[in-house]
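Participant: What follows is each chain in one-letter form.
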Amino acid sequence: MLAKIHITLKKDVLDPQGSVIANSLKSLGFDNVNDVRQGKFIELEINSNSKEEAEKQCNDMCEKLLANLVIEDYSVEIES
Amino acid sequence: MKTHVIVFPGSNCDRDVAVAIQNIIGSSPEMVWHKDSTINQSDLIVVPGGFSYGDYLRCGAMASTSPIMKSVIENANKGVPVMGICNGFQILIESGLLQGALMRNSSLSFICRDIIIKPTNTKTMFTNKSTISKMPIAHNEGNYFANSNQIKEIEDNDQIAFQYCDENGDINSHSNPNGSINNIAGVFNKSKNVLGMMPHPERAAESIHGCDDGRNIFESLLS
Chain A
19 MLAKIHITLK
29 KDVLDPQGSV
39 IANSLKSLGF
49 DNVNDVRQGK
59 FIELEINSNS
69 KEEAEKQCND
79 MCEKLLANLV
89 IEDYSVEIES
Chain B
196 MKTHVIVFPG
206 SNCDRDVAVA
216 IQNIIGSSPE
226 MVWHKDSTIN
236 QSDLIVVPGG
246 FSYGDYLRCG
256 AMASTSPIMK
266 SVIENANKGV
276 PVMGICNGFQ
286 ILIESGLLQG
296 ALMRNSSLSF
306 ICRDIIIKPT
316 NTKTMFTNKS
326 TISKMPIAHN
336 EGNYFANSNQ
346 IKEIEDNDQI
356 AFQYCDENGD
366 INSHSNPNGS
376 INNIAGVFNK
386 SKNVLGMMPH
396 PERAAESIHG
406 CDDGRNIFES
416 LLS
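Chains as they are written, first to last, in the working numbering: chain A, 19 to 98; chain B, 196 to 418.
Here chain A stands alone, though its shape is the one from the complex:
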């Protein structure tokens, strides 16, 4: 199965990289961009009997290593 994991900064955490990206987009003429939040995307192949089991394991991986829960949120999507 293929797991797609998105890791983003929590809403109450300032994202200076996002602000700089937003400013650069504006300078390119994309005036309608209001807010940019950047993050990480991790794709991993996982052997599992069920989508539920794979999702549970990926959640565990995020809590133990892939995300820093003090500053980051994560979401997991499993494709079979």
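Hint data in this document are derived by calculation from the structure and do not stem from the laboratory. Every residue, glycine too, gets a C-beta built ideally from N, C-alpha and C. Check before you lean on any hint, since a few could be wrong.
[Unchecked claim] 30 Å max Cα-Cα, derived DSBU-like pairs, lysine-lysine: (1) K273(B) <-> K29(A); (2) K82(A) <-> K273(B); (3) K324(B) <-> K82(A); (4) K82(A) <-> K69(A); (5) K273(B) <-> K74(A); (6) K69(A) <-> K44(A); (7) K265(B) <-> K387(B); (8) K28(A) <-> K347(B).
[Said to hold, decoys possible] Quick list of simulated restraints, FRET-style, between CB atoms: (9) L62(A) <-> D365(B): 31 to 39 Å; (10) V214(B) <-> V54(A): 24 to 32 Å; (11) L62(A) <-> Q217(B): 39 to 47 Å.
Starting from the known structure of chain A, fit chain B onto it as the hints suggest.
Facilitator: Frame of chain A, contents of chain B only:
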């Protein structure tokens, strides 16, 4: 005193801190490779600065899962003094020994220059000889963050070790190099036997460095 310095792939301040320990504490530290699994008896464990594992994923995240870290955590929980400097601070945070997070500097640039810090709590084994001190920082991710509940908890429990300040000891936004919340430069664990700090006391530890203010942290450990 029996002392240990942990060496990860990418550590680059391990030799500097070993020299500071040798010169100031008078103990020749055992250099412990990160793949070793035990530190039997220690009076001080230092997790040094550098770029362990090339800062992959998040600074310190990979190193925090190295075999030796289990033993570092066990020793810390037994009360052994553990000190993390710069990348070592990031590793101690990622291993769960210290609270908070270290984010990218608010300027988005790597900062390498002298700063001034003030000890916030001088009643600990690491800071009992500490005063306002000048020493270098050299980091890209030293912007300390904790949410408001965590900040209240670490403040209430006197866990802030050092804050960035100016020459007069005033803690203000001008003296904050990296955007750290409340100018925090270093924190303790709850029982104050684990210290993490972004500034490098080992790089300001003898006159040849141009400043030896960093000595007071190692001298504190002697008393």
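Participant: Compare the structure with the hints numbered earlier in the document and write down the numbers of the violated ones, lowest to highest.
Facilitator: Failing hints, ascending: 1, 3, 5, 6, 9, 10.
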